[in-house]
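Chemist: Given next are the chains, with one letter for each unit.
Protein chains: 4
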Amino acid sequence: MAGNSYGTLFRLTTFGESHGEALGGIIDGCPAGISLNFDAIRSEMQRRKPGQSSIVTQRKEEDEVQFLSGIFEGKTTGTPIGFIIPNTNQKSDDYSHIKNSYRPSHADYVYEKKYGVRDYRGGGRSSARETSCRVVAGAIAKQVLSDIKITAFVSSVGEIFLEKPYQEVDFSLIETNAVRCPDKVVAEKMENYIKEIKKLGDTVGGTITCVIQNVPIGLGEPVFDKLHAELGKAMLSINAVKGFEFGSGFCGARMKGSEHNDLYNEDGTTKTNLSGGIQGGISNGMDIYFRVAFKPVATLIQKQEVLNNQNEIVAQQGKGRHDPCVVPRAVPIVEAMAALVLADFYLINKTYQE
Amino acid sequence: MAGNSYGTLFRLTTFGESHGEALGGIIDGCPAGISLNFDAIRSEMQRRKPGQSSIVTQRKEEDEVQFLSGIFEGKTTGTPIGFIIPNTNQKSDDYSHIKNSYRPSHADYVYEKKYGVRDYRGGGRSSARETSCRVVAGAIAKQVLSDIKITAFVSSVGEIFLEKPYQEVDFSLIETNAVRCPDKVVAEKMENYIKEIKKLGDTVGGTITCVIQNVPIGLGEPVFDKLHAELGKAMLSINAVKGFEFGSGFCGARMKGSEHNDLYNEDGTTKTNLSGGIQGGISNGMDIYFRVAFKPVATLIQKQEVLNNQNEIVAQQGKGRHDPCVVPRAVPIVEAMAALVLADFYLINKTYQE
Amino acid sequence: MAGNSYGTLFRLTTFGESHGEALGGIIDGCPAGISLNFDAIRSEMQRRKPGQSSIVTQRKEEDEVQFLSGIFEGKTTGTPIGFIIPNTNQKSDDYSHIKNSYRPSHADYVYEKKYGVRDYRGGGRSSARETSCRVVAGAIAKQVLSDIKITAFVSSVGEIFLEKPYQEVDFSLIETNAVRCPDKVVAEKMENYIKEIKKLGDTVGGTITCVIQNVPIGLGEPVFDKLHAELGKAMLSINAVKGFEFGSGFCGARMKGSEHNDLYNEDGTTKTNLSGGIQGGISNGMDIYFRVAFKPVATLIQKQEVLNNQNEIVAQQGKGRHDPCVVPRAVPIVEAMAALVLADFYLINKTYQE
Amino acid sequence: MAGNSYGTLFRLTTFGESHGEALGGIIDGCPAGISLNFDAIRSEMQRRKPGQSSIVTQRKEEDEVQFLSGIFEGKTTGTPIGFIIPNTNQKSDDYSHIKNSYRPSHADYVYEKKYGVRDYRGGGRSSARETSCRVVAGAIAKQVLSDIKITAFVSSVGEIFLEKPYQEVDFSLIETNAVRCPDKVVAEKMENYIKEIKKLGDTVGGTITCVIQNVPIGLGEPVFDKLHAELGKAMLSINAVKGFEFGSGFCGARMKGSEHNDLYNEDGTTKTNLSGGIQGGISNGMDIYFRVAFKPVATLIQKQEVLNNQNEIVAQQGKGRHDPCVVPRAVPIVEAMAALVLADFYLINKTYQE
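Chains as they are written, first to last, in full-length UniProt numbering: chain A, 1 to 354; chain B, 1 to 354; chain C, 1 to 354; chain D, 1 to 354.
Careful: at least some of the hints might be erroneous.
Any copy will do: because identical chains look the same in the list, a pair fits if it lies in one copy or spans two.
[Stated by the list, open to error] Think about it this way: if two alpha-carbon atoms lie no more than 25 angstroms apart in a straight line, the pair counts; the simulated PhoX-like pairs of lysine-lysine are: (1) LYS75 <-> LYS350; (2) LYS149 <-> LYS350; (3) LYS99 <-> LYS189; (4) LYS149 <-> LYS75; (5) LYS256 <-> LYS75; (6) LYS319 <-> LYS256; (7) LYS303 <-> LYS164; (8) LYS75 <-> LYS189; (9) LYS164 <-> LYS256; (10) LYS198 <-> LYS256.
Just so you know, these hints were derived from the structure itself, not from any lab.
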């Protein structure tokens, strides 16, 4: 209810502030008997980790996950998987300057108004550091979903767009560059632009496209818990996300029915896939694909006007080590949230079948 | 779990197929002591009702709601509000032709695969007729939220856009035309275009913009249940929706942080509102605004290829009485879902306060 | 949250007051493809119905259930099953005398204090008439559980006890008498006692024993949602219930471990069954059995002191048509709630299996 | 869903096996701004801790709780409170002898059948060590409930009963003896009996009575989530519990209505309190009291027949350091679970009020 859990049957609950002792979570409902691939989990963590390249934040966070329960002799036991990610490099003093002030387009102000109290150290609970727990759980969810393949990549940074449709994209190129854009030329443009932005102490937004393949027919619940509605919520719950569209998305709103309908082949597949792999909220076996919009990071390394708790506007020099553009590191987070949603529907779907 | 409930503290559960005896629902968690305005509920129903103008479906559905419980001497009692909406004009035979076939971009096929059985009469549970129950509950939620004002309007039909920002829109014009677009000239263009499309037996998509005013600071739960994430899910759960964006939305992904940040005024309001009234998932007291994309209705009054249950592609003449464009009638549905989300967070928020 | 739903995957939500237009409910999550036996549902309703014998209330309630959705051509479709039970014989005027007064050991007073308003007609939502909806849903849950056999019977009325253990009971005798006690001699004593009590305008309590057979191993979730914990909650949620014990129950608290442990047979069954078919919250395949205590009905047909809303104690003559002893009619309710609990765990259990 | 969470608005989720690295939990929904009394938390932990007296298990478990989030400068912040309790003295080898065998009346067998895999080290997740997390959360819940006073004590051990009603009990005596029975003479008898039982390598059951005072009117939700139904579930979820009764309990089932009804005083209190402080599932402001039955611990320090995974019955010598009687250490657990239930209803109740 208080918003720190996701999913119903495959359910992640997280805790932790950016500058507390540790973050962590509990995964409840993970099926028993899965031989966990810990390297795969670690690898997802590495993709999200700060300091992985010159275009992301240079904060030193080890992001080492410790599993405390629910796993025995390498296998899941069906009991809750508890884990923690210690905060090894909190540097609390970095944040003393914001103790009494509310940074623009941050959550400082609303937390203080909502709760009457605020952990002002670096964003506290509202920090994107919390997403590290999502990546851990998502990496396990992926292993529950073995055959289903979830792939995200950066499809735009600022005004620089990867113009090709996902069907023409070579997924093997995603991890070959720091931006995670699967096109050598576009990726280079994006990278250079991010470096430029960084030099200015500014930040820039971007979009991520996600493709889910090998989805069985039937995932998703009709009416309120449609598969795309839950995917949308999952994506919008990621820090900095401002929009979500799947299949034809906002373009679909400009089309005619005669153009938009996906005609069937005899095997139940469809000739086109403007539906984005989902009909009436239920997967139809075609690729699911969607696009997520991220706003520019609000923390600038520039002088900026902030509000303080004396109701004064004062100039403040932004400092710290922040991402100039969030999308490269958000790729594994998008995948993780997609995996959580699918794992949940995958388990729910089992209950309908004889 | 099975997807027919929405909300946690203010919770709507619905049932009903388009051609069953009745649809209906239960609203659980409505606070006691509210003197319900039944005219307001009826009026919302009228806005969604078929046959209200020449540009919407001419089906005759009375959409008369009967309240069965939870109200005593005109006031809510805190016990569940049960209601039904009888189906008075089912015309089941209209649908015998689709008994053994799956219409393109409908849910026919996935329902049959998911459940092994399908109520083939007119879409059954996947019909947008189900949204009538949402409108009933939303109309009650609005009364719980008394001071909060929720206003939706049509902002595009096909390629015809209302270009002005919502701040320049005169809300009092929304109900003055059949399209529900608050601009006389644009509305007329849209209306003419819809009529033209209808003549062709085709359909067209569109977008709806929704604005929420007078929102108290503090609604929304951080991390997974962010206010905009829940609004996104609510909107994406409406039939035909393909996308959701709030505040700067997809445009925000193209901006720089120095352009995007909303600087504070001394009273805690912000000079700009690219955040769309929400910071870190929590309302900040500024207007909330978002945009929802609807695809064109899939049912065409044209000959179309369908798949039958013998795995054959056959031509089929579409018939029936369908909407050429869904957005005019979807305006009250968008408002209703927004009201449900806000009522839920409004009640949750009470639990945090001393 | 507001307490009108039961279950998670097989989920019943109910509405309705004793003197409103109708009661009803929604069953969400019922698996698709079940050919419902409507006679079996009607038969369970008959067992709960007032007026079925001379020892129960003589109110005339038809208790005719109307199914409005979720069933097509006799089969469940996987969509929510909506149903109503019209109130055909409300006789509201019977209750005008309690409009301004709070009857002892009724919920009148606490409803008014909790909600600030109260539907004073015959107990409103707190009336046991609400259990009719549970019986409908339970009768469907039984059909989901086909092989599992749930049998309840009256094991005491006042000081008259059926002394034999359930293993020696002939279940076929339960429905042969009005008390639903499976022993001719004891049943007759109980029946005579209830008639005597009724003549005095008094009431008496009793207990019901319930036995669940053919339960697969593995139902129930460890830690908080133990199978017996949920059964306990389900029983304690029935009007007038004051206690619940399973297996050795309160007697077990007086025993030594060396007496209480159930030694295994080689096939995994146990030689004794003091555990009551549940170990660590999970069914072990042995019979589950438990006992439920019902207090005497609070409504007496005698003069009694009541509190009025002027804070005065006044004498009031009880009137109306009430049960002198609730247990005979509560037998199908106990079975229904047990069926709801088991159906839920049965579906949850499916999600753990490869 | 998988059973490791309790509560809805004040919600505890736990993880951990008896011999894993740590147990722990997340408390979500704790109101902000509470200055936590850490001594009070530690003191509750001490009451549950092994080794506290000669009549409880002599295992050495430090039970030191580490809070990792949700608390800032000594106050709750409204964000989730994550905590761990490291396992400092696992002694895994103690349990190698049960790796391939199922102890009678333990959960070994059903866990293996349910999940297909089992952490055989000392009961794993089914160990009562898990209750340490409940005590942490309960100690915080008590601080949320400040004015409400929850007091539990041992009311029987085997056949030795504390005969007086709770109203005549001097609560200040509870902690004066190792049994936690508030009567010097009875406590001594119980203590001697437990020592005797322990010498024999046997165990014995007992009961705990719990009294909740200063409860505001209105806690509890009608119909399915009645206050006593939730209390019953909470108690039955504690390891070894076989029964629950509140107010008149099983005795009430033997009474007549004319004896059982609680007549009102003019101030809304009642002259008697057979209802146990709850009417129709809602607190009426009178003391809530209930009784919980615990079976004897199943682990005996005797030779006993066990089933092995070759389907053979073999004799096995029980060993280890177990409690001869569980009730003295279960007193704080009963209080903790009562506190969790009340905190949840306390928060839910806020949402109904204007």
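Chemist: Next, verify each hint and record whether it holds.
Modeler: These are the hints, each one checked on the structure:
| no. | hint | verdict |
| --- | --- | --- |
| 1 | LYS75 <-> LYS350 | both (21 angstroms within a copy, 19 angstroms between copies) |
| 2 | LYS149 <-> LYS350 | both (19 angstroms within a copy, 24 angstroms between copies) |
| 3 | LYS99 <-> LYS189 | neither (38 angstroms within a copy, 54 angstroms between copies) |
| 4 | LYS149 <-> LYS75 | within (22 angstroms within a copy, 35 angstroms between copies) |
| 5 | LYS256 <-> LYS75 | neither (51 angstroms within a copy, 37 angstroms between copies) |
| 6 | LYS319 <-> LYS256 | between (50 angstroms within a copy, 17 angstroms between copies) |
| 7 | LYS303 <-> LYS164 | neither (38 angstroms within a copy, 33 angstroms between copies) |
| 8 | LYS75 <-> LYS189 | neither (44 angstroms within a copy, 48 angstroms between copies) |
| 9 | LYS164 <-> LYS256 | both (23 angstroms within a copy, 24 angstroms between copies) |
| 10 | LYS198 <-> LYS256 | between (43 angstroms within a copy, 11 angstroms between copies) |
Hint violations for this structure: numbers 3, 5, 7 and 8, all remaining hints satisfied.
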